[in-house]
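Colleague: Next come the chains, spelled out residue by residue.
2 protein chains.
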Amino acid sequence: MAELNYKIVETIAVISESPKGWTKELNVISWNGRPPKYDLRDWAPGKEKMGKGVTLTEEEIVQLKKALANLNALSE
Amino acid sequence: MAELNYKIVETIAVISESPKGWTKELNVISWNGRPPKYDLRDWAPGKEKMGKGVTLTEEEIVQLKKALANLNALSE
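Which chain is which? The protein sequence lines are L and C, in order. Everything in the first sequence is counted per the UniProt record's numbering, starting at 1 for the first residue and increasing by one. Everything in the second sequence is counted per the UniProt record's numbering, starting at 1 for the first residue and increasing by one.
If we strip away everything but chain L, and leave its shape as in the complex, we get:
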């Protein structure tokens, strides 16, 4: 696998934590020096490993926000 260079610009939220300490996080990450994107994925403790995840553009995050806001079943 190609080596990935990344910088976590901002941690927006830690969505969950597993018993082994892996966390699912929404971050803003710059990959290989490119402009930062939103990123939702699992991380090992101390960010030693990363799990699979998705990156999202600003427009995609806006659409996701709208979709979740309309998800009435998930109202608190």
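Watch out, some of these pointers could steer you wrong.
Identical chains share a label here; the pair holds if one copy fits it or two copies do between them.
Listed below are the simulated BS3-like cross-link pairs for lysine-lysine, each with C-alpha atoms no more than 30 Å apart in a straight line [claimed, not checked]: (1) K65 / K49; (2) K20 / K66; (3) K47 / K7; (4) K37 / K65; (5) K47 / K20.
The set of hints was computed from the structure by calculation and includes no laboratory data.
On the provided structure of chain L, position chain C as indicated by the hints.
Modeller: What follows is chain C alone, placed relative to chain L:
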């Protein structure tokens, strides 16, 4: 790679579509006959291939919804 059996129970939203027709979607999916979970990932046209993605529990979706709702920079 192990063969994956899945059933898309519900498509909640199509978040974006690429020029080549890949879509980023929030679905409710049952993997290998297990109880359905939320799933955010890219799909090829006609669901012929799937890209990397994340699955989320109901509780994780609630936390993600809260995080995005608080993201003022993304207000419409």
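Colleague: For every hint, state whether the structure bears it out.
Modeller: Okay, the hints, checked on the actual structure:
1. For the homomeric pair K65 and K49, the shortest alpha-carbon distances inside one copy (27 Å) and between copies (25 Å) are both at most 30 Å.
2. Taking identical chains as interchangeable, the C-alpha atoms of K20 and K66 lie at most 30 Å apart only when they sit on different chains, with a minimum of 24 Å there against 32 Å within one chain.
3. In the homo-oligomer, the alpha carbons of K47 and K7 lie at most 30 Å apart inside one protomer (11 Å), although the nearest pairing across protomers, at 32 Å, exceeds that limit.
4. Proximity of K37 to K65 under the C-alpha cut-off of 30 Å is found in both arrangements, the shortest distances being 15 Å within a copy and 18 Å between copies.
5. Within a single copy, K47 and K20 get their C-alpha atoms as close as 13 Å, which meets the 30 Å cut-off; across copies the closest is 33 Å, which misses it.
Consistency with the previously given hints is maintained throughout, with no hint failing.
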